[in-house]
Amino acid sequence: MPFCTQCGSGVSGERCSNCGAENPHFRDPNAEPEIAPALVSVEPVQSERARPWPLMERSLALAWPRLRKYPLWFVILAAIDMLAMAYMLPMNAALAKAPTSPAAIGHFYEQLALPLLLTLVVSFVLRLLSLGEAARARMPEFCWTPRSIAAFVGWLILALLGLSFALAVAMLLVLIPAGIVAGFARVAAATTSATVTPAIIGAVAFAMVVVMIPMMMWLGTKIALLEPSFVLGERSNPIGASWKLTDGYFWETLGFYLLYVLVALGILVICLGIGKLFASLSPILVLVGDLMQFVGSMWLQFAVAEGMIAWTLMLREAKASGRQG
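In our numbering, the protein residues as written are 467 to 791.
Derived by calculation from the structure, the hints in this document are not laboratory data. Heads up, a few of these hints could be off.
[Stated by the list, open to error] Calculated cross-link-like contacts (lysine-lysine; reagent style DSS-like; alpha-carbon spacing at most 27 angstroms): (1) Lys-785 to Lys-688; (2) Lys-785 to Lys-710; (3) Lys-742 to Lys-710.
Please construct the entire structure, taking both the sequences and the accompanying hints into account.
What follows is the structure in structure tokens.
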């Protein structure tokens with residue numbers, strides 16, 4: 467039996483019969499029993515890490531329908547590309563005997579300038595078309611303007627200059643120690659009447675490969691999302707946006723690009739084989755293979771734009787939800 471907290475008497479009702487104090491232990495027998503809330507353990511949902519591989523097949527499938535929206539651009543760009551390839555046909559024959567004199571080398575590069583310029587223009591226009599189409603799939607109001615194109619070109623040039631500067635610094639870091647070693651080696655060779663020049667050249671070339679290729683792959687991957695970041699609104703600093711997005715997702719981004727490179731190599735091998743087959747019939751028919759190569763590269767450019775924009779958006783979502791990899 468509970469006791470009253472005021473006088474200590476035993477109580478069984480709502481109030482103490484001795485002092486009238488309220489019984490804190492009283493429960494109405496007609497009241498519904500209180501049910502304690504059940505303790506339910508909720509396990510935290512593990513967020514799945516963003517992966518680019520499912521985007522590959524979708525981007526390749528979407529590229530062709532989007533490419534068919536630009537028949538006029540396709541005809542114009544294909545004609546320019548065929549013109550560049552036709553202009554290089556006599557140069558391909560001239561390469562059977564490489565130019566040796568300075569005048570012949572200068573003439574060769576003068577002839578090479580126009581085809582390279584035409585090819586560069588075609589590649590840039592293709593990039594604008596593919597990025598614009600992939601961006602409009604997410605933002606219907608997106609369109610290229612002269613100002614945005616100029617800003618886009620500026621960021622590309624800035625990225626190219628920064629990459630060139632970093633590679634030049636890395637090259638100096640290799641060449642300066644190599645020059646010091648070569649100086650000591652020449653002194654040693656003068657005393658021992660031995661030649662070490664081939665060994666030095668080989669060591670320097672190996673060191674350049676070991677340093678330059680990983681650095682190019684790292685820097686290229688870190689700024690790989692510059693273009694999709696720009697068209698998706700990060701126009702104040704797309705290089706910085708790409709750098710932050712690839713934090714924790716370097717290997718996935720690199721592997722994604724390498725997959726597209728493998729597809730491009732496959733297209734190139736097939737088209738070169740067909741071009742050689744037609745060239746065996748007539749030299750002018752080698753342009754058929756070049757045309758097929760242009761169609762494949764245009765399709766692949768639309769696929770790359772779609773895939774990288776989708777990957778950029780996926781990384782934005784992953785960063786916003788805290789999935790840092």
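Structure-based check of all given hints:
Proximity of Lys-785 to Lys-688 is assessed by CA-CA distance (about 16 angstroms); at most 27 angstroms being required, the pair is judged to hold. The hinted pair formed by Lys-785 and Lys-710 meets the criterion: a straight-line CA distance of about 9 angstroms does not exceed 27 angstroms. Between Lys-742 and Lys-710 the CA atoms are separated by roughly 45 angstroms; this puts the pair beyond 27 angstroms, and the hint is violated.
Hint 3 from the earlier list is the only one contradicted by this structure; the remaining hints agree with it.
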